[in-house]
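Number of protein chains: 2
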Amino acid sequence: MHIVFHPIGVIHTPYHDKAPYQPVEADEGDFFIEVFPEYREGLQDLDTFTYIYLLYFIDRLNREVSMKVEPVWAGEIEVGVFASRSPLRPNPIGLSVVKVLKVEGNTITTTGLDVFDGTPLLDIKPYIKDLDSKKDANYGWVEKTGDLRHLAMHILGIPHEY
Amino acid sequence: MHIVFHPIGVIHTPYHDKAPYQPVEADEGDFFIEVFPEYREGLQDLDTFTYIYLLYFIDRLNREVSMKVEPVWAGEIEVGVFASRSPLRPNPIGLSVVKVLKVEGNTITTTGLDVFDGTPLLDIKPYIKDLDSKKDANYGWVEKTGDLRHLAMHILGIPHEY
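So the protein lines, in turn, are chains A and B.
So in the working numbering, the last spot in the first sequence is 396, and the numbers never skip.
So in the working numbering, the last spot in the second sequence is 396, and the numbers never skip.
Worth flagging that the hints you see were computed from the coordinates, not collected in a lab.
Incorrect hints may appear among the rest.
When chains are identical, the list treats them as one kind, so a pair holds in a single copy or across two.
When the alpha-carbon atoms are kept at most 16 Å apart in a straight line, the in silico EDC-like pairs for lysine to aspartate or glutamate are as follows [unchecked claim]:
| id | residue 1 | residue 2 |
| --- | --- | --- |
| 1 | K302 | D281 |
| 2 | K333 | D281 |
| 3 | K302 | E272 |
| 4 | K336 | D264 |
Given the sequences, and given the hints that come with them, work out the whole structure.
Now the structure itself:
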């Protein structure tokens, strides 16, 4: 079974050649989404939400997908690919929660996300209080690594090299 | 640009012919995911998470996609499709946050979600505290409708007919 999707826009970030999370000088306005003009009307009322989900196609992969991954920052720990947010997955669909800063015409300015500039956008969904914000969520296996500091850098969008 | 994905499994629900959220008798164990055997190892450590994201292909659509949608329960309000969770979207990728109840072999038992039985699964991702649970999220335009009661039914998984 083949499932075919088409990009609805493009994500712009300061990550051109360097991998995301390598240090870059990022200013507000460096992260924005251009939705193709035919989808512009679909953005109506999007700016009433504090957060949105972005779904995108992770198109710059150069390694094989494997069912087990070893997050580089997690030491010797090996976990299943579906228990990870590794970009190397059977269907490379990326998911990020970002804040909406501004919607103007077909452009959405957002807070940072760790994708390469030019990443094809697949969908935008509102992130809805209670429905999506689960107060009793946990850190899963990440907590076992003790490296919540690294996770915090991702959460806060602090560039780092490991 | 064509982006091609393949199902990694199937979502099972009690919603066979009736639309999701029509009343059904649902018991614990009625919602489960079968991941195809070749992806079974990718589930390792998934059960360390309280919540997971499911991404799936919304394959049973019978209406045209439009840039503006009028959620039936929201009265006269018309919003952009990307400011809605309508299944009728340019790329019909569904996203649900569910609780993991049990992982056994290639089967994951979860709390309820509103998709038809047999829906093709595209990806599973861990829902990670802080990274995904945004305390300052809001209800966006939904709040304006005053119909937070309806939203609550979705959140609590209470079947309803409108």
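Here's how the hints hold up against the structure:
For the homomeric pair K302 and D281, the shortest alpha-carbon distance between copies (15 Å) is at most 16 Å, but the shortest distance inside one copy (39 Å) is not. When the C-alpha separation of K333 and D281 is checked against a cutoff of 16 Å, the pair qualifies only within one copy, where the shortest distance is 10 Å, while the shortest distance between copies is 29 Å. For the identical chains of this complex, K302 and E272 are inter-copy neighbours only, at 12 Å across copies versus 40 Å inside a copy, given an alpha-carbon limit of 16 Å. Proximity of K336 and D264 under a CA criterion of 16 Å is satisfied intra-copy only: 12 Å inside one chain copy versus 42 Å between copies.
Checked against the numbered hints given earlier, this structure breaks none of them.
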